[in-house]
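A.B. asks: Oh and the sequence shown: position 98 is 98 in full-length UniProt numbering, straight run, nothing missing.
No false leads were slipped in.
Subject to a maximum C-alpha distance of 16 Å in a straight line, what follows is the list of computed EDC-like cross-link-like pairs (lysine to aspartate or glutamate):
#1 133 x 144
#2 28 x 47
#3 132 x 144
#4 82 x 138
#5 87 x 136
#6 132 x 90
#7 87 x 138
#8 55 x 26
Worth flagging that the hints you see were computed from the coordinates, not collected in a lab.
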Amino acid sequence: MKNVAEQRYYLVREDVLTDAMQKTLEAKRLLETGKVNSIWDAVRQVDLSRSAFYKYRDAVFPFHSIVKERILTMIIQLQDQKGTLAKVLEIITEAHCNILTIHQTIPIQGRANVTLSLDVTSMMMDLNELIKKMNELEFVESAEVISSGAL
Numbered sequence: 001m002k003n004v005a006e007q008r009y010y011l012v013r014e015d016v017l018t019d020a021m022q023k024t025l026e027a028k029r030l031l032e033t034g035k036v037n038s039i040w041d042a043v044r045q046v047d048l049s050r051s052a053f054y055k056y057r058d059a060v061f062p063f064h065s066i067v068k069e070r071i072l073t074m075i076i077q078l079q080d081q082k083g084t085l086a087k088v089l090e091i092i093t094e095a096h097c098n099i100l101t102i103h104q105t106i107p108i109q110g111r112a113n114v115t116l117s118l119d120v121t122s123m124m125m126d127l128n129e130l131i132k133k134m135n136e137l138e139f140v141e142s143a144e145v146i147s148s149g150a151l
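Turn these sequences into a full structure, and let the hints steer you where they fit.
C.D. replies: Shown next, in the form of structure tokens:
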């Protein structure tokens, strides 16, 4: 078997998967949701051999399980006041976002641009609500998303 860096992955429609692959996905779903307690119960329920399940279980995945990391990039124009960045970061923390990068320009004419890359996998509020909260701050002139990974 090739190491992970050498493996290739493909995105294919469900209808072109073999019957055994589709049944493997269904058995995995039954196990993940707790509808069955064992592999034996899962394969029996979907009418699949255990050997076929073991053959495909580490090779087929639902698309949503692969796209776990969700990254977005925001640009925020701030007035140059003491503590403004700290207040912005506080809102991001309240939303349960993980800050990956921060880049702030030197303030010119009383304004600074801040670019943030955020992992929003665990975000606990709607993206529109996060943007609204940012824009409601008196010292934020604008806050917007300039790119998003898998949102």
